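Student: Okay, here's what each chain looks like letter by letter:
2 protein chains.
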Amino acid sequence: MATAEVPRTLTDKSARTQERIRAAAARILSERGIATARLGDIAAAAGVQAPAIYYYYASREELIEDVIRLGQIGTEARVTQAIEELDGHTPALEKICVAVEAHLRALHELSDYTTAAVRNVGQMPTEMRERMRADQRRYGRVWKRLFEQARDQGELRAGLDLRTAQLLVIGALNWTPEWWADSRVPLETLVTTACELTRHGLASDPVAP
Amino acid sequence: MATAEVPRTLTDKSARTQERIRAAAARILSERGIATARLGDIAAAAGVQAPAIYYYYASREELIEDVIRLGQIGTEARVTQAIEELDGHTPALEKICVAVEAHLRALHELSDYTTAAVRNVGQMPTEMRERMRADQRRYGRVWKRLFEQARDQGELRAGLDLRTAQLLVIGALNWTPEWWADSRVPLETLVTTACELTRHGLASDPVAP
DNA sequence: GTCTATATCTTGATAGAC
DNA sequence: GTCTATCAAGATATAGAC
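Sequences listed follow chains Z and E, in order. In this text, residue positions in the first sequence follow UniProt numbering: the first is 1, and each later residue adds one. In this text, residue positions in the second sequence follow UniProt numbering: the first is 1, and each later residue adds one.
Treat each hint with caution, since some may be false.
Claimed, not checked - Just some of the chain Z residues that point at chain E, by a computed CB distance under 10 Å:
id : residue
1  : Ala35
2  : Arg119
3  : Thr189
No wet-lab data here; the hints were simulated from the structure. Remember, predicted model here, so these are calculated numbers, not experimental data. We put the CB at the ideal spot given by N, CA and C, even for glycine.
Kindly generate the complete structure, drawing on both the sequences and the hints.
Tutor: Set out below in structure tokens:
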């Protein structure tokens with residue numbers, strides 16, 4: 001975690017203040033884009049003055065990167081855990097559905113961090129993006145493995161371009177923060193619809209209900 | 001078109017310069033986000049100095065809004081035209097595929113305007129977003145009609161939430177600018193994969209190849 | 001029509017008091 | 001640890017020459 005060099009324990013006031021700042025930054029980043037997220041606004045939302053942020057972070061960029069990274073890692077953790085909890089004999093296509101559900105729930109249930117990460121991926125300055133690349137690739141490989149398993153077990157429709165299909169599915173999920181909050185649709189409906197679309201979209205055979 | 005109040009014909013130098021400025025803004029907005037798009041960079045890309053922009057636009061915001069609106073309208077025009085060119089007896093599900101293809105081609109073939117529009121939808125300041133809402137709703141209704149037709153003709157799987165399915169499909173397409181440029185996949189592969197996923201994802205019956 | 005020069009405003013960041 | 005006060009940088013926007 002990229003904090004300033006001030007040593008301190010997890011139980012004191014300081015840690016709570018940093019958490020407030022981080023959470024405020026996550027909320028603002030999840031609503032607006034990186035560039036419109038002003039330090040002053042973040043500080044106000046956290047109930048401190050702007051300079052207080054510099055006690056915890058060396059720069060605005062460091063704070064933003066911390067938030068996005070936490071969101072990224074949090075999503076991966078959720079999805080990975082959901083998959084690992086599955087029975088060893090679960091069909092690969094079913095695993096993909098579980099990943100779809102976990103990714104969606106991370107985005108909309110877990111916290112502002114995940115939404116902040118997704119909505120700002122394309123807006124990161126170059127160096128930040130490069131530092132983040134390793135995390136992104138690792139998460140991408142989680143999905144890649146699922147798709148390869150499904151293909152190897154003959155569950156995918158023949159001729160499907162694996163990588164393209166994978167990125168289209170993830171894209172459908174990652175775009176949901178742009179519209180779901182305004183919609184009157186319950187999260188359950190979003191989850192089941194996304195699973196249905198994905199399963200039938202990818203499956204080689206008509207899918208049992 | 002939101003230009004300044006200086007009257008002039010379409011054939012003179014002035015119109016060409018404005019077009020250069022607008023195109024430069026579109027390119028920069030399609031690469032970075034709204035907030036990192038500096039007026040100076042746009043001017044440089046257009047081959048003028050920053051103050052020259054104010055001969056054509058009253059403010060930075062007006063220029064950006066012009067670009068996004070053109071992209072939005074351009075996408076809708078492409079999709080609408082592609083659908084209207086179809087034979088009257090085309091199945092509704094096939095129409096949706098044509099819309100998917102047209103939307104993707106508008107994004108990746110047509111111009112920077114469309115990509116600029118999609119990548120910056122979520123970053124617009126409040127008032128700009130409100131002014132743009134009518135255009136967005138109109139485009140949404142184009143898709144909505146397609147989905148309703150498909151449902152009414154029994155081509156959609158029963159129990160599918162129409163609006164959610166529609167927004168997931170469009171989301172998958174709108175997210176492609178985040179990754180497709182780096183990918184080594186030809187546009188044709190992207191188009192056919194997206195059509196396949198959509199068709200099988202939505203269809204009530206196994207789809208003929 | 002487009003430029004140079006400059007005014008003005010916003011915001012990230014620092015200094016130092018408490 | 002957090003604040004007030006302030007600086008420095010960078011951006012939008014304007015004035016006025018050409």
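Student: With 10 Å as the cut and Cβ atoms as the points, is Arg119(Z) at the interface with chain E?
Tutor: Given a least distance of 6 Å, the restraint on Arg119(Z) holds.
Student: Tell me if the interface restraint on Thr189(Z) is satisfied: Cβ within less than 10 Å of some Cβ in chain E.
Tutor: Nearest chain E Cβ about 5 Å off; hint holds.
Student: For the restraint on Ala35(Z), tell me whether the closest CB of chain E is nearer than 10 Å.
Tutor: holds (2 Å)
The structure agrees with every numbered hint stated previously.
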